[in-house]
Structures are given as C-alpha cells and as structure tokens.
Amino acid sequence: MYNKDHPTFIIKESLHKPIWRYMDFWKFLNLLETSSLYFSNAENLGDNYEGRIPKIVYELMIAEDKENGNTNNQDTNDYLESHLRKETLISSWTYDEKESFAMWKMYAKDKMGIAIKTDFVSLISCFNKTERDIYIGEVSYFDEENFRYPTNNLYYPFLVKLNYYSSEKELRCITSCRHDEEHESKLVEVDLNELVKNIYISPNSKPEFKKMLSLLKTEYKLNFEINFSEVNDSWL
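Quick note on the numbering used here: the sequence shown kicks off at 64 and runs consecutively.
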C-alpha cells in the first residue's frame, strides 16, 4: 500500500507529468505473468554509489565525530553498508513530457523494447494489492559545490544520486525487506490495469511485434493502449 506519510519522499515535478519505465520485452512479459513489479535491492542497481553517503559528506561526518569524541556518524555509515543497502528495495521510473532517446538506448535498446507510460495517481493506486509499505519520491541530484545532506535520515541516501545522473529525472518507489525474509530483491504485487495505461514499443520494431502485444493484452485481460515510439533513430 502506498504510504504518503514520510517527509523524505517529495513529489513535486512528477505530480502532473507522464511517468515512464523502459524495459526489454522479457521483463515486460514477466510483469504480465507475475502481476508484480521487480524491486531490486540497492546493492544490485549497478551504481556503486547507490545508497552510500557522498565522500565529501562522509569526510565531514567523520570530522564531526572526532570533534565530539564519538562514533555516531561512523555508526550510521556502517549500518547503511552492512544492512540498509541489502534491505532497501527500489523500483525506478522517470518523469518527462515525452519519450526519451537516452532511456530507450539504456534500458530497452533492442527492437522488442517496451516503455510503460502511466501517471502518478495510477502509480500509487497500483500498489493497493500489496501489504508492504511503498514510499514514492523524486530523486535529487548531489552537487558538491552547493549541497544540503541530512545525515540523520536513513532513507535519504536512497533518494540522492550524483549530479551526472540528473537527466534521468528519476522517480523511485521504495520498500524494505521484512525482518523475517531474505535481504534480496523482491517481486511486489501490483494491479496492472491501474498501472499500465499506455505502452510504447521500440523504435524500428516490426509490425508483428504490435500484433503479439495485442494478443498478450487480450490474454491477460488488460486495457492498455499500444503505440509505436515516435523516436526515429538508427542508433536504436
């Protein structure tokens, strides 16, 4: 269930914009088959800085520990490394008015890629089937020249990325592993008819691909519209 009562999770730019997720066809097929979104734990997202405090902030934290004669900040960082990066589960989306060439190229680069297009209300509604608390917030981008970093909030490292990722305009759905389960990536049940309003199929895909998706739409009793991507680029 969507939980809106956490001040760290800010929704501002994405509220009235289309929300997208780009994926290869087999991942889309898995979404249909399981009626579940894949949430990766932070350790497996690919960015080695994921869920880690930026170096410049960490150095200030350690200097503060030395000044105060304690290890409070070091303990916070150690807990992030040893527990929270394994326990924190993330599903990443992007918000933008239009399709993104860069997103197609990074996340759905073959001729059978899919982009799901939805909106914020639909995204939060799709989680009504799960008992997990799902938090949703926009990622902010860390600027070493001018930064604010609240080190007393342990969700914050999972909502901040280095500035060179800023073009992604990322929106994150976040939940946590329960104490009684393995600390690893999970499938989270969703209502597909709430979530999937439109799909766009890869640039340069063949007409047969649309026919196959129409059959899948019927088979799984879904209502989404199928559109061809408007991107026309031979690099994809």
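Think of the hints as simulated: they come from the structure by calculation, not from any bench.
Everything numeric in this text was worked out from a predicted model, so none of it was measured.
Incorrect hints may appear among the rest.
With a cut-off of at most 20 Å between alpha-carbon atoms, the simulated PhoX-like pairs for lysine-lysine come out as follows [to be verified]:
id	residue 1	residue 2
1	LYS161	LYS67
2	LYS161	LYS260
3	LYS174	LYS118
4	LYS168	LYS232
5	LYS161	LYS192
6	LYS174	LYS249
7	LYS249	LYS118
8	LYS260	LYS192
9	LYS274	LYS75
10	LYS149	LYS284
11	LYS249	LYS168
12	LYS118	LYS180
13	LYS274	LYS161
14	LYS269	LYS280
15	LYS269	LYS67
16	LYS284	LYS80
17	LYS161	LYS149
18	LYS274	LYS180
19	LYS224	LYS90
20	LYS174	LYS224
21	LYS273	LYS180
22	LYS75	LYS174
23	LYS284	LYS273
24	LYS90	LYS260
25	LYS75	LYS249
26	LYS280	LYS174
27	LYS80	LYS249
28	LYS249	LYS192
29	LYS284	LYS274
30	LYS232	LYS149
31	LYS280	LYS67
32	LYS192	LYS269
33	LYS67	LYS174
34	LYS118	LYS224
35	LYS75	LYS149
36	LYS161	LYS249
37	LYS80	LYS149
38	LYS168	LYS274
39	LYS224	LYS260
Hint-by-hint comparison with the structure:
With a C-alpha separation of about 27 Å, the suggested pairing of LYS161 with LYS67 is violated against the 20 Å cut-off. About 15 Å separates the Cα atoms of LYS161 and LYS260, which keeps this hinted pair within 20 Å; it holds. Only pairs whose Cα atoms come within 20 Å are accepted, and LYS174 paired with LYS118 is rejected, the gap being roughly 40 Å. For the hint linking LYS168 to LYS232, the alpha-carbon distance of about 16 Å falls within 20 Å, and the restraint holds.
Restraint check for LYS161 and LYS192: the C-alpha separation of about 29 Å exceeds 20 Å, so the hint is violated. Distance hint between LYS174 and LYS249 is unfulfilled; the C-alpha atoms sit about 27 Å from each other, more than 20 Å. The suggested pairing of LYS249 with LYS118 is violated, with an alpha-carbon distance near 29 Å, which exceeds 20 Å. Annotation: proposed proximity of LYS260 to LYS192 holds, straight-line Cα distance about 18 Å (limit 20 Å).
This hinted pair does not check out: LYS274 and LYS75 have alpha carbons roughly 37 Å apart, beyond 20 Å. A threshold of 20 Å between alpha carbons decides the hint, and for LYS149 with LYS284 the separation of about 35 Å lies outside it, so the pair is violated. Straight-line distance between C-alpha atoms of LYS249 and LYS168 comes to about 26 Å, which puts the hinted pair past the 20 Å bound. Taking the CA atoms of LYS118 and LYS180, the gap is about 36 Å. The hint is violated against a cut of 20 Å.
The hinted pair formed by LYS274 and LYS161 fails the criterion: a straight-line CA distance of about 24 Å is larger than 20 Å. Proposed proximity of LYS269 and LYS280 is supported: the alpha carbons are some 18 Å apart, at most 20 Å. At roughly 41 Å between alpha-carbon atoms, LYS269 and LYS67 are farther apart than 20 Å, so this suggested pair is violated. A hinted pair counts as satisfied when its Cα atoms are at most 20 Å apart, and LYS284 with LYS80 does not qualify at roughly 27 Å.
For the hint linking LYS161 to LYS149, the alpha-carbon distance of about 34 Å lies beyond 20 Å, and the restraint is violated. This hinted pair checks out: LYS274 and LYS180 have alpha carbons roughly 19 Å apart, not beyond 20 Å. Taken as a hint, the LYS224 and LYS90 pair is broken in the structure, with Cα atoms around 25 Å apart against an allowance of 20 Å. The straight-line distance between the Cα atoms of LYS174 and LYS224 is roughly 30 Å, outside the 20 Å bound, and the hint therefore fails.
Using a Cα cut-off of 20 Å, the hinted pair LYS273 and LYS180 holds, with the two alpha carbons roughly 16 Å apart. For the given pair, LYS75 sits about 34 Å from LYS174 by alpha-carbon distance, which is inconsistent with the 20 Å threshold. Taken as a hint, the LYS284 and LYS273 pair is honoured in the structure, with Cα atoms around 16 Å apart against an allowance of 20 Å. A hinted pair counts as satisfied when its Cα atoms are at most 20 Å apart, and LYS90 with LYS260 qualifies at roughly 17 Å.
Among the hinted pairs, LYS75 with LYS249 is inconsistent with the structure: their alpha-carbon atoms are about 28 Å apart, more than 20 Å. The straight-line distance between the Cα atoms of LYS280 and LYS174 is roughly 19 Å, inside the 20 Å bound, and the hint therefore holds. For a cut-off of 20 Å, the pair hint linking LYS80 to LYS249 is broken: about 27 Å separates their Cα positions. Taking the CA atoms of LYS249 and LYS192, the gap is about 15 Å. The hint holds against a cut of 20 Å.
Distance restraint check for LYS284 and LYS274: the Cα-Cα separation of roughly 15 Å lies within the 20 Å cut-off, and the hinted pair is therefore satisfied. Between the alpha carbons of LYS232 and LYS149 the distance comes to roughly 24 Å, so the proposed pair goes past 20 Å and is violated. With a CA separation close to 31 Å, the supplied pair LYS280 and LYS67 exceeds the 20 Å bound. Our distance criterion of 20 Å between C-alpha atoms is broken by LYS192 and LYS269, whose separation comes to about 35 Å.
Taking the CA atoms of LYS67 and LYS174, the gap is about 37 Å. The hint is violated against a cut of 20 Å. For the proposed pair LYS118 and LYS224, the alpha carbon gap of about 12 Å is at most 20 Å, so the pair holds. For the given pair, LYS75 sits about 28 Å from LYS149 by alpha-carbon distance, which is inconsistent with the 20 Å threshold. For the hint pairing LYS161 with LYS249, the CA-to-CA distance comes to about 30 Å; that exceeds 20 Å, so the pair is violated.
This hinted pair does not check out: LYS80 and LYS149 have alpha carbons roughly 31 Å apart, beyond 20 Å. At roughly 23 Å between alpha-carbon atoms, LYS168 and LYS274 are farther apart than 20 Å, so this suggested pair is violated. For the proposed pair LYS224 and LYS260, the alpha carbon gap of about 29 Å is over 20 Å, so the pair is violated.
Checked against the numbered hints given earlier, this structure breaks hints 1, 3, 5, 6, 7, 9, 10, 11, 12, 13, 15, 16, 17, 19, 20, 22, 25, 27, 30, 31, 32, 33, 35, 36, 37, 38 and 39; the rest are met.
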